[in-house]
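Chemist: Residue-level listing of the chains:
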Amino acid sequence: AQSVTQLGSHVSVSEGALVLLRCNYSSSVPPYLFWYVQYPNQGLQLLLKYTSAATLVKGINGFEAEFKKSETSFHLTKPSAHMSDAAEYFCAVRANTGGFKTIFGAGTRLFVKA
Amino acid sequence: KAGVTQTPRYLIKTRGQQVTLSCSPISGHRSVSWYQQTPGQGLQFLFEYFSETQRNKGNFPGRFSGRQFSNSRSEMNVSTLELGDSALYLCASSPGVVQETQYFGPGTRLLVL
Numbered sequence: 001a002q003s004v005t006q007l008g009s010h011v012s013v014s015e016g017a018l019v020l021l022r023c024n025y026s027s028s029v030p031p032y033l034f035w036y037v038q039y040p041n042q043g044l045q046l047l048l049k050y051t052s053a054a055t056l057v058k059g060i061n062g063f064e065a066e067f068k069k070s071e072t073s074f075h076l077t078k079p080s081a082h083m084s085d086a087a088e089y090f091c092a093v094r095a096n097t098g099g100f101k102t103i104f105g106a107g108t109r110l111f112v113k114a
Numbered sequence: 001k002a003g004v005t006q007t008p009r010y011l012i013k014t015r016g017q018q019v020t021l022s023c024s025p026i027s028g029h030r031s032v033s034w035y036q037q038t039p040g041q042g043l044q045f046l047f048e049y050f051s052e053t054q055r056n057k058g059n060f061p062g063r064f065s066g067r068q069f070s071n072s073r074s075e076m077n078v079s080t081l082e083l084g085d086s087a088l089y090l091c092a093s094s095p096g097v098v099q100e101t102q103y104f105g106p107g108t109r110l111l112v113l
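Protein chains in written order, with the working numbering: chain A, 1 to 114; chain B, 1 to 113.
Simulated from the structure, these hints should not be mistaken for laboratory data.
Just so it is clear, the structure is predicted and the values come from calculations on it, not from any experiment.
You may find that some hints are simply not true.
[Stated by the list, open to error] Quick list of in silico lysine-lysine cross-link-like pairs, DSSO-like style, CA-CA up to 30 Å: (1) Lys57/B <-> Lys69/A; (2) Lys58/A <-> Lys68/A; (3) Lys68/A <-> Lys13/B.
[As the list claims (entries may be wrong)] Rough simulated footprint, nothing fancy, chain B against chain A, three-plus residues with beta-carbon under 8 Å: (4) 45-53; (5) 57-71; (6) 102-109.
In this text, a Cβ means the ideal position worked out from N, Cα and C, and glycines have one as well.
Bound-form chain B, shown alone (with noise of 0.2 Å):
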């Protein structure tokens, strides 16, 4: 089976712009999630979603948002980039929600200048 995939690997934004960042499951996966990885935070969790349908959410912003398609892909778009929004975006995807390992993607590197 092909890995989550999440496209595109490195992003250059400016301050004020927003981006979209996709991620593929890994096939019958239908929960994906997705983290922030920065040095300074470590690796803080965003937002879990389950047959379209966000499950939970963590503590960011309204500019942070996501969804999820009927074929379990995902997006998740940031508006108005702040210089604190460059880190390493992770995306995760596992079959269920209960304690179904997460297999990461190799992720999206943001730097917003």
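Extracted from the complex, chain A is given alone in its bound form (with noise of 0.2 Å):
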């Protein structure tokens, strides 16, 4: 089985600052895993993946998340926040447990302050 945590249903930053959202999950199998985010009245759009090549892993929009094993973490940040960068943001974990499916975390809503 496989389960997804994100710690935090809302994070908010200024303009400018660090972005970090957290990640956790268990799964019985070797994982892939994503980072999705989704703007108000939209579908997801992916930013970033994991598929067991490089530990960290580079996606669009300046974000980036690293694949920690030890501590079965897949945490996603960003240098510097932009006001366009509020939205909601989901992590999930796909695995081969018997056919392939994709649990998506609860989600954490990014608000950035000016």
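With the hints as a guide, bring the two chains together.
Modeler: Shown next as structure tokens:
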């Protein structure tokens, strides 16, 4: 079985500050990990994904995430927040547990203050 | 390439009715997955199809069903609608099944009165 926990349903940062969104996962088999972003009234857009290559993954819009197997974490970071980063962010794990299935975390809403 | 399209975008139904939602994947993609998104439960996996075969299914009652056609287009059906079925239903397509990135459509927002 697999599961995803996102710490903090809401995160608020000032424009220009570091963004850190936390994600911990559990999976009985090696997982593929993803971060998606959702803007209001839209579907999800892929930010980045980990597929067992480099543990530090760079994505779009300046975001990156580091896969830490020992900590079962895949936290999302961005050095400097921009107003346009305000959105909801979802961490997801995909693994083959009797068929591939993607499980999403509950989401973290990011607020960016001017 | 055109993205994933879902129709209709908005829908209002009453309890007890049934509804069919449609999803057209990105050209060349053979896998389609469906998710239900609600404020209380978040994003929940409904089912995944690949080459017209259901590959996996989430924990939803039998009132929720789906199918995929030979052109990879997919439909999901909900029978005997309940108020709790009000949600945003998202469809995602990918080239295959393994670690492929899923590309999401804008969703169909269903309101059950």
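Chemist: Any hints this thing doesn't respect? Which numbers, in order?
Modeler: 3 and 5
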